[in-house]
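As they're listed, the protein sequences go chains A and B.
Counting from 1, one number per residue, gives the positions in the first sequence under the working numbering.
Counting from 115, one number per residue, gives the positions in the second sequence under the working numbering.
Be a bit skeptical, because a hint or two may be false.
[Unchecked claim] Within a straight-line C-alpha distance of at most 27 Å, the following computed DSS-like cross-link-like pairs (lysine-lysine) qualify:
id: 1; chain 1: B; residue 1: Lys195; chain 2: A; residue 2: Lys54
id: 2; chain 1: A; residue 1: Lys54; chain 2: B; residue 2: Lys219
id: 3; chain 1: A; residue 1: Lys78; chain 2: A; residue 2: Lys54
id: 4; chain 1: A; residue 1: Lys15; chain 2: A; residue 2: Lys51
id: 5; chain 1: B; residue 1: Lys195; chain 2: B; residue 2: Lys171
id: 6; chain 1: A; residue 1: Lys15; chain 2: A; residue 2: Lys78
id: 7; chain 1: B; residue 1: Lys171; chain 2: A; residue 2: Lys54
id: 8; chain 1: B; residue 1: Lys182; chain 2: A; residue 2: Lys78
id: 9; chain 1: A; residue 1: Lys54; chain 2: A; residue 2: Lys41
id: 10; chain 1: B; residue 1: Lys182; chain 2: B; residue 2: Lys195
id: 11; chain 1: B; residue 1: Lys195; chain 2: B; residue 2: Lys219
id: 12; chain 1: B; residue 1: Lys219; chain 2: B; residue 2: Lys190
id: 13; chain 1: B; residue 1: Lys219; chain 2: A; residue 2: Lys15
id: 14; chain 1: A; residue 1: Lys78; chain 2: A; residue 2: Lys51
id: 15; chain 1: A; residue 1: Lys15; chain 2: A; residue 2: Lys44
[Claimed, not checked] Chain A stretches covered by chain B per the calculated footprint, using a threshold of three residues with CB under 8 Å from any CB of chain B:
id: 16; segment: 26-33
id: 17; segment: 45-57
[Claimed, not checked] Between beta-carbon pairs, the in silico distance windows are:
id: 18; chain 1: A; residue 1: Asn101; chain 2: B; residue 2: Asp119; range: 23 to 29 Å
id: 19; chain 1: A; residue 1: Asn101; chain 2: B; residue 2: Lys182; range: 23 to 29 Å
id: 20; chain 1: A; residue 1: Leu66; chain 2: B; residue 2: Ala153; range: 41 to 47 Å
id: 21; chain 1: A; residue 1: Thr102; chain 2: B; residue 2: Arg180; range: 15 to 21 Å
id: 22; chain 1: B; residue 1: Lys219; chain 2: A; residue 2: Pro61; range: 40 to 46 Å
id: 23; chain 1: B; residue 1: His152; chain 2: A; residue 2: Gln96; range: 35 to 41 Å
If you are wondering where the hints come from, they were derived from the structure by calculation, not from laboratory data.
Note that CB positions come from ideal geometry on N, CA and C, so glycine has one too.
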Amino acid sequence: EAGVTQFPSHSVIEKGQTVTLRCDPISGHDNLYWYRRVMGKEIKFLLHFVKESKQDESGMPNNRFLAERTGGTYSTLKVQPAELEDSGVYFCASSQGTLGNTIYFGEGSWLTVV
Amino acid sequence: GQNIDQPTEMTATEGAIVQINCTYQTSGFNGLFWYQQHAGEAPTFLSYNVLDGLEEKGRFSSFLSRSKGYSYLLLKELQMKDSASYLCAVIGTYKYIFGTGTRLKVLA
Numbered sequence: 001e002a003g004v005t006q007f008p009s010h011s012v013i014e015k016g017q018t019v020t021l022r023c024d025p026i027s028g029h030d031n032l033y034w035y036r037r038v039m040g041k042e043i044k045f046l047l048h049f050v051k052e053s054k055q056d057e058s059g060m061p062n063n064r065f066l067a068e069r070t071g072g073t074y075s076t077l078k079v080q081p082a083e084l085e086d087s088g089v090y091f092c093a094s095s096q097g098t099l100g101n102t103i104y105f106g107e108g109s110w111l112t113v114v
Numbered sequence: 115g116q117n118i119d120q121p122t123e124m125t126a127t128e129g130a131i132v133q134i135n136c137t138y139q140t141s142g143f144n145g146l147f148w149y150q151q152h153a154g155e156a157p158t159f160l161s162y163n164v165l166d167g168l169e170e171k172g173r174f175s176s177f178l179s180r181s182k183g184y185s186y187l188l189l190k191e192l193q194m195k196d197s198a199s200y201l202c203a204v205i206g207t208y209k210y211i212f213g214t215g216t217r218l219k220v221l222a
């Protein structure tokens, strides 16, 4: 069974540019999460989709971040315009249910804004 | 507020036993996970505790005390491949909240 896949694995962009990260969850997982880890800090929650609906987007840092999950399958996270502080690893995770269900992580998308 | 505390780094010797502690304060509690993360890789699931007590899985055990807001991950018969970050994550009301992780170095 394929795990959570993310693309691109690495991205280097200039400040002010746009980047779109993609996540394909495990097939059949309704719950999809985006997390971010900035160097040396904890993994921080960004948002949670249940199917195509945003269940919780309280972790999104500001309106430069836009997440979508059209059709309830894959999700995209767009950063526009990117700032230096957006650099970090963006993890996507998915789970079948919510409370008590194991969440499975993708390898992460490493974003560097220069 | 919501807070999860873990030691930043630990060092142990191959073959030894190490205990990684995690204390938490969260609004709501629906379970605690431990994940292992090797550098440059995705976190992988190790254990899940929702009731007080010890859960054992081979060389790895995890303990939970809900009244104390405390958990630990116990690794026995350490191997070099156990060098990794160990993340404590608590399911609050709806969210999975992560600690900063503990970097474990296993020395020969």
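Hints and how they fare:
1. Lys195/B - Lys54/A: Violated. Lys195/B to Lys54/A sits at ~38 Å, over the 27 Å cutoff.
2. Lys54/A - Lys219/B: Violated, at about 39 Å.
3. Lys78/A - Lys54/A: holds (15 Å)
4. Lys15/A - Lys51/A: violated (32 Å)
5. Lys195/B - Lys171/B: holds (17 Å)
6. Lys15/A - Lys78/A: holds (14 Å)
7. Lys171/B - Lys54/A: With a Cα-Cα distance of about 35 Å, the restraint between Lys171/B and Lys54/A is violated, given a limit of 27 Å.
8. Lys182/B - Lys78/A: Given that 27 Å is the threshold and the Cα spacing comes to 40 Å, the pair is violated.
9. Lys54/A - Lys41/A: Distance of about 25 Å is within 27 Å: holds.
10. Lys182/B - Lys195/B: Violated, at roughly 31 Å.
11. Lys195/B - Lys219/B: holds (9 Å)
12. Lys219/B - Lys190/B: It holds: about 14 Å lies between the C-alpha atoms, which stays within 27 Å.
13. Lys219/B - Lys15/A: violated (36 Å)
14. Lys78/A - Lys51/A: holds (18 Å)
15. Lys15/A - Lys44/A: holds (22 Å)
16. 26-33: It is violated, with 1 qualifying residues against the three required.
17. 45-57: Satisfied; 4 residues make the cut.
18. Asn101/A - Asp119/B: 23 to 29 Å: About 25 Å separates the Cβ atoms of Asn101/A and Asp119/B, which means 23 to 29 Å holds.
19. Asn101/A - Lys182/B: 23 to 29 Å: holds (25 Å)
20. Leu66/A - Ala153/B: 41 to 47 Å: Distance hint for Leu66/A, Ala153/B is violated at roughly 30 Å.
21. Thr102/A - Arg180/B: 15 to 21 Å: holds (19 Å)
22. Lys219/B - Pro61/A: 40 to 46 Å: The hinted range 40 to 46 Å is violated for Lys219/B and Pro61/A, with Cβ atoms some 32 Å apart.
23. His152/B - Gln96/A: 35 to 41 Å: violated (25 Å)
In this structure, the earlier hints numbered 1, 2, 4, 7, 8, 10, 13, 16, 20, 22, 23 are contradicted, and the remaining ones agree with it.
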